[in-house]
Structure formats: structure tokens, C-alpha cells
Amino acid sequence: MFITRSSGSSTTKPPSTRVARALEIHRSVMACNAHIARGSEATHALTAALMLPCYKAEFRTLVLAMTANEERELRYALNASCASVA
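Per the numbering used here, the sequence shown starts with residue 1, numbered consecutively.
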């Protein structure tokens with residue numbers, strides 16, 4: 001699958017498809033970590049522990065396929081989401 005991006009001149013562009021998918025996976029990784037840390041619901045914690053390596057591998061594969069601009073876009077989005085949590 002090839003993903004193309006239009007070269008719009010606006011300053012606020014929607015994230016590319018790969019960046020949006022990487023952000024979804026990152027949210028899933030964070031949710032798994034939260035379930036594992038709580039550990040109160042054994043079923044959810046177990047499911048999270050089983051899914052976490054899959055999410056991490058998918059994230060890694062996706063990032064390796066990104067262009068430099070997409071990586072930069074992802075880094076900014078992750079920094080912004082971490083800053084809003086802190």
C-alpha cells in the first residue's frame with residue numbers, strides 16, 4: 001500500500017495516515033501499560049500483557065516505514081500528548 005500526501009500550504013494539516021495510525025497504536029500501548037499497572041482486573045491485565053508486544057511491534061514497523069517528515073510529525077504529536085498529560 002502506498003500512502004501519498006498532498007502538499008497543502010496551510011500551517012495546520014491533518015496528520016498523515018501513517019502518523020494517525022501510529023498515534024492510535026501508541027494510545028493502545030499506553031492503555032495496555034495502564035491495565036498492567038493497575039492489575040485489578042486480572043482478565044484485562046492478562047489481555048493487555050499479551051497484546052502489548054504486538055502493539056509495540058506494529059508501532060516499530062510503522063515508524064520504520066515513515067518518511068522523515070512523518071517521523072517529525074509523529075514526534076511533535078507525541079510530545080504534545082505527553083505535555084498535555086503532565
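Careful: at least some of the hints might be erroneous.
[What the hints assert, rightly or not] Here are the computed distance ranges between Cβ atoms for each label pair:
id : residue 1 : residue 2 : range
1  : Pro14     : Glu58     : 18 to 24 Å
2  : Ala34     : Ala80     : 16 to 22 Å
3  : Ala42     : Thr17     : 19 to 25 Å
Hints were generated in silico from the structure; no laboratory data involved. Remember, predicted model here, so these are calculated numbers, not experimental data. For every residue, glycine included, the Cβ atom is placed at its ideal position computed from N, Cα and C.
Going through the hints against the structure:
Between proline 14 and glutamate 58 the CB atoms are about 21 Å apart, so this pair conforms to the stated range of 18 to 24 Å. Checking the proposed 16 to 22 Å range against alanine 34 and alanine 80 shows it holds: the Cβ atoms sit about 19 Å from each other. Between alanine 42 and threonine 17 the C-beta distance comes to about 36 Å, which lies outside the given range of 19 to 25 Å.
The structure is inconsistent with hint 3 alone, although it conforms to all the rest.
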